[in-house]
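Colleague: One-letter residues, chain by chain:
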Amino acid sequence: MKQIFMDYANATPCDSRVLEAMLPYFIEKFGNPSSHIITKGNEALSALDNSRKIVADFIGAKFEEIIFTSGATEANNLALKGYAFANQHRGKHIITTEIEHFSITSPLRTLERLFGFEVTYLPVDSFGFVSPDELKKSLRNETILVSIQLANNEIGTVQDLKELISVVKENSSAVFHSDATAGCGFIDINVSELNIDLLTLSPTSLYGPKGVGALFVKNGLVLQPLIEGGFQEGGLRSGTENLPAIVGFAKACELGKIEMSDRCNYLKPLRNRLWEGIEKNIDFVHFTGHPEKRLPNNVSFWIEFAEGESLLLMLNYMGVMASSGSACSSNLRGKSEDDLVASPVLTAIGVPKDICTGSLTFSLGMSNTIEEIDYVLQIFPGIVNRLWQMSPFYLDKIKGHTPKLTKVDK
Amino acid sequence: MKQIFMDYANATPCDSRVLEAMLPYFIEKFGNPSSHIITKGNEALSALDNSRKIVADFIGAKFEEIIFTSGATEANNLALKGYAFANQHRGKHIITTEIEHFSITSPLRTLERLFGFEVTYLPVDSFGFVSPDELKKSLRNETILVSIQLANNEIGTVQDLKELISVVKENSSAVFHSDATAGCGFIDINVSELNIDLLTLSPTSLYGPKGVGALFVKNGLVLQPLIEGGFQEGGLRSGTENLPAIVGFAKACELGKIEMSDRCNYLKPLRNRLWEGIEKNIDFVHFTGHPEKRLPNNVSFWIEFAEGESLLLMLNYMGVMASSGSACSSNLRGKSEDDLVASPVLTAIGVPKDICTGSLTFSLGMSNTIEEIDYVLQIFPGIVNRLWQMSPFYLDKIKGHTPKLTKVDK
Amino acid sequence: MADAQGPYSPKVMEHFLNPKNMGEIPDASGIGEVGNPSCGDVMRLYLKINENEIIEDAKFMTFGCGAAIASSSMVTEMIKGKTIEEALKVTNETVAEALGGLPPSKIHCSVLAQQAIEAAIKDYREKKAKK
Amino acid sequence: MADAQGPYSPKVMEHFLNPKNMGEIPDASGIGEVGNPSCGDVMRLYLKINENEIIEDAKFMTFGCGAAIASSSMVTEMIKGKTIEEALKVTNETVAEALGGLPPSKIHCSVLAQQAIEAAIKDYREKKAKK
Ligand SMILES: Cc1ncc(COP(=O)(O)O)c(C=O)c1O
Ligand SMILES: Cc1ncc(COP(=O)(O)O)c(C=O)c1O
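Here the protein sequences line up with chains A, B, C and D, keeping their order.
Everything in the first sequence is counted per the numbering used here, starting at 19 for the first residue and increasing by one.
Everything in the second sequence is counted per the numbering used here, starting at 19 for the first residue and increasing by one.
Everything in the third sequence is counted per the numbering used here, starting at 12 for the first residue and increasing by one.
Everything in the fourth sequence is counted per the numbering used here, starting at 12 for the first residue and increasing by one.
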């Protein structure tokens, strides 16, 4: 059976041009940039410098403002804990939102629990937007840091960062961090236009490699490093640099810069076709996120009377791979039921908490085709119906209601 | 000119079999192990599980006792800060040695400076050995953690960990961590025989990839994660797993296990030839580290009246790459003179502090040959002599002294 | 560790994809509905019990994940033809075992199945007592 | 950022690999020895100064890194033929510049060169005063 991958928010293959750029750095150019007195090390340092320059250019930053990390999660942790530890004498209040990734909220919970910080989690509206007014009201004298994502990987909503940043800048001395992991492959970012202080970048949405990410740290900001040792990355992140991945990240940025608008133009019609097809053919569907201000590759919704993990399993059985924010589909590797955590994003945008929601996210990529979209639209109604037929809630509900389903498999 | 690489302690190329094992995971098998409900994710999780099993077997650990990190530096930071933060209620005293890598001492300095811990830095003897008696005397009721390296990457000395661990276990309730980065490619490690609690592993000396490492965490130990987020690695280390590198790491362990003794048998005679040649032909040389209990690939020494960076530059000019612990050769990327840090290892073993030592380390690898050793032996005396001829100290010293030098270039 | 098949055993997938005894029993002797408040799973079990207290038929309606649906299907198969005393001896462990094991985080789904039997039999006994 | 040549400019490497004016001047008019206690670099500068206070010859002996040796070599070249007043105007910046720049962490090597001139000329003047 054909395998159709529509979970690009959680995993992307490397672009073959990215892998090609990386390959020399495994065996041939294996040097350590810190040993740049010797030829091999100097060759490595040149590649590192060159990569840093490309990634800096990608977001309009300066060379020395890019700190390479092992990924977006580490960059988020460094931004939050690193800034908090180094600047706690100025205040111990941090502001974020209710729809951040766990790599934002988990370190913040630790700062609260172990290190005496106070964190405000701003609510969002039903589209997932943070209100500039609420943000303004939550700023205090002791607020040292505000962290708000660029785009949400689950519901696709893209914040108006520029406005949110100016609210913070005009009303406080707090610095602004944004997790741009989910957006940086689709949205042109310029750190000086945004007037932002800290920004997390990931190659994930750029068809770059795993094992690398970057934190933009505006010149002059002081951070306490989390990973200390050999003074790499200006002392902010020690450890021998993962040069193949860094070179691949840079290549992905270089290609992304050139091809970004083409990619968006390719993905948007596919996304719209999927969205419209689902809207037309399936009942009890609630789309999530803003219809316009959203990632060009994201279709997200929840379906009444069908549970997310079951939807995923059936779709996967039919060769279609997507993701869900339902508790039941989370963290299946956990040690107990307590390790299952529903996505807080759905709760934050007002999806009723008392039902285990059938949330689904299709995130498209450059390998997807119209034919694939049409195949999904062909099989999906039957899958939904099958689960409805098992659901006691659906049974109770439909007495007297004729669902809009147009196709039913078997 | 032929390039002769003898700095394997700081950089190793991937074994081609390691790279081959990694390749499918960049493009084809690009899934995210956390999305293992879907086929691509499950394929990734299987590879992750399989890799974890191989790395666990490599040191006789259990599957769930291996935590993958982005490298040895991160593993060291996680072991030290992670254990300290989670167990500070039991005491705030930590013991380490004066010859640890910066990825041990830097996080410990931070624990002292910012978080109220007290750290004892045990002295070592002239070979670099920690004294079991001194260790015993330094243990206190509040000692929660002892961290002593397996082998020193600079002077090659291998500690008797088994004895040191039993001193700690018999006289305290502290847990024992060891940084095995420099030793794990050459020394068979069994965590249960050692009775060790935490152990840092790196693929560096195993011809594995950059960007990955592992921390062995004995079942039952509680650590505060440094990088938090999506609950990967049992919650101890979040972030999408760097699967290609993890698979490569496992392959490197697999091969290392099989080939370790062959590798040692290949390297030792080369090392001895280099050592003996230098000993015979060059005056004012002081070998460092223990002559027997040392890494099979390491020749380290310092030379009077010649500075390390100059030696490196001249060797490199002649096509030979090595490393030095001299201040002048350190951290050349630093922002000022203050960023130059001499290796504390040499001071710890009693090398006179007041001269900028001409320390050199040749660390051999499987690509090196007898011919390469002989080439080094041929050019090295001339290089040393050239620097001596420039040195005011040498000038003052040799009045009346005939140096042992047998060959002099030009 | 992951099975080559995915998070679930082949048996779980079999019961999930082709559940046995799915649906209602309109004139059920006892109906048990149990749920897991933490994730919202709900399992409704219908039993047809004859005068010898033998379970002649069992059906289910379940809202939940793959493990919940498979556990529902498996439990109906396990108790059909059994006396209610025998059925009450079916535990979550036996359900999970019959399914070839469940991931640790999904053990609660087999617990739900055990609870559903208990609830349905309680309902049957209460209805019978009322008659 | 790294130069394609390594940490040092081609000019530094040239002076390091083929230093000019290396050695002693047995009957030097002035000798300056300066050092950097933090890393142990020592630069000894010998000057031959004629009756018109023109530096006729300059030689050095240096223990130190590539930058220290290159700075020594460069500074001897720069001051040969100059009057001592002119020589005293040679600054660490001009030495570093003449070398095509130095890494920030190595600027102190060019400072050493400047200090060596000052020390050697001081020694010359003291010796002269004693006569
Ligand atoms: C918005 C967002 N931030 C951060 C991350 C963490 O990225 P990584 O797991 O690559 O570290 C993700 C991953 O999906 C994400 O979607
Ligand atoms: C003994 C020792 N520990 C730790 C490290 C740090 O390793 P990495 O830079 O790969 O994180 C090194 C690196 O050379 C080392 O030699």
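Worth flagging that the hints you see were computed from the coordinates, not collected in a lab.
Where is the CB? At the ideal position from N, CA and C, for every residue including glycine.
There could be a bad hint or two in this list.
To be verified - Some residues of chain B that are not near chain A, with every Cβ distance over 12 Å (derived):
{"id": "1", "residue": "Lys187"}
{"id": "2", "residue": "Gly229"}
{"id": "3", "residue": "Cys346"}
As the list claims (entries may be wrong) - Listed next, the in silico EDC-like pairs over lysine to aspartate or glutamate satisfying Cα-Cα at most 20 Å (straight line):
{"id": "4", "chain 1": "A", "residue 1": "Lys415", "chain 2": "C", "residue 2": "Glu25"}
{"id": "5", "chain 1": "A", "residue 1": "Lys20", "chain 2": "B", "residue 2": "Glu46"}
{"id": "6", "chain 1": "A", "residue 1": "Lys286", "chain 2": "A", "residue 2": "Asp206"}
{"id": "7", "chain 1": "B", "residue 1": "Lys47", "chain 2": "A", "residue 2": "Glu38"}
{"id": "8", "chain 1": "C", "residue 1": "Lys70", "chain 2": "A", "residue 2": "Asp414"}
{"id": "9", "chain 1": "A", "residue 1": "Lys415", "chain 2": "C", "residue 2": "Glu97"}
{"id": "10", "chain 1": "A", "residue 1": "Lys47", "chain 2": "B", "residue 2": "Glu46"}
{"id": "11", "chain 1": "B", "residue 1": "Lys20", "chain 2": "A", "residue 2": "Asp414"}
{"id": "12", "chain 1": "D", "residue 1": "Lys70", "chain 2": "B", "residue 2": "Asp414"}
{"id": "13", "chain 1": "B", "residue 1": "Lys415", "chain 2": "D", "residue 2": "Glu108"}
Colleague: Taking the hints in turn, state whether each one holds.
Modeller: Do the hints match the structure? See the list:
no. : hint                     : in the structure
1   : Lys187                   : 28 Å, holds
2   : Gly229                   : 3 Å, violated
3   : Cys346                   : 10 Å, violated
4   : Lys415(A) with Glu25(C)  : 28 Å, violated
5   : Lys20(A) with Glu46(B)   : 14 Å, holds
6   : Lys286(A) with Asp206(A) : 16 Å, holds
7   : Lys47(B) with Glu38(A)   : 16 Å, holds
8   : Lys70(C) with Asp414(A)  : 16 Å, holds
9   : Lys415(A) with Glu97(C)  : 34 Å, violated
10  : Lys47(A) with Glu46(B)   : 24 Å, violated
11  : Lys20(B) with Asp414(A)  : 80 Å, violated
12  : Lys70(D) with Asp414(B)  : 16 Å, holds
13  : Lys415(B) with Glu108(D) : 34 Å, violated
Of the numbered hints stated above, those contradicted by the structure are hints 2, 3, 4, 9, 10, 11 and 13, listed in ascending order.
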